[in-house]
Amino acid sequence: MDEAKKRRLVEAGVDVDGALARLMQNEGLLTRLLRAFLQDTNFDQLQQALAARDGKAAFAAAHTLKGVAGNLSLNALYERVSGVVECLRGGDMDAALVLMPAVQEAYDNVTLALQEGL
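Reminder that position 68 of the sequence shown reads as 68 in our numbering, one-by-one numbering, no gaps.
In short, the hints are calculated from the structure, not lab data. Just so we're clear, the structure is a prediction, and the values are computed from it rather than from any experiment. Using N, Cα and C, we set each Cβ at its ideal position, and we do this for glycine too. Each statement offered as a hint is correct.
Derived EDC-like pairs: lysine to aspartate or glutamate, alpha-carbon spacing no greater than 20 Å straight-line:
no., residue 1, residue 2
1, Lys-56, Asp-44
2, Lys-5, Glu-116
3, Lys-6, Asp-108
Label pairs and their calculated CB-CB ranges:
no., residue 1, residue 2, range
4, Glu-27, Gly-67, 17 to 25 Å
5, Glu-105, Arg-7, 15 to 23 Å
6, Asp-40, Asp-2, 18 to 26 Å
7, Arg-7, Arg-32, 16 to 24 Å
8, Asp-2, Asp-94, 40 to 48 Å
9, Arg-7, Asp-54, 37 to 45 Å
My request is simple: use the sequences and hints to build the entire structure.
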């Protein structure tokens with residue numbers, strides 16, 4: 001990964017060095033996993049579940065998205081979606097909805113950076 005692409009990912013809240021450390025410096029694997037993330041539907045499922053006020057489905061999607069973001073060191077997204085998970089774990093759908101614009105922003109930033117950088 002060239003420095004310009006890495007810098008763009010870091011600006012979007014991706015800890016590239018941390019992800020590479022987790023993957024034993026396997027840059028090819030990291031690239032494949034980040035490309036797979038672009039196909040992941042959990043963010044869309046989260047939005048749909050919140051719109052339907054389905055707390056169980058929203059929690060499942062948010063929790064999975066949090067796990068994926070954490071494993072890939074998508075730290076900005078991880079931090080923001082973690083708050084949504086905690087709200088939903090406590091049954092507070094309205095509080096989760098308040099946090100969603102920040103989650104949307106982090107998700108948009110990281111997906112755009114991935115689309116540009118991979």
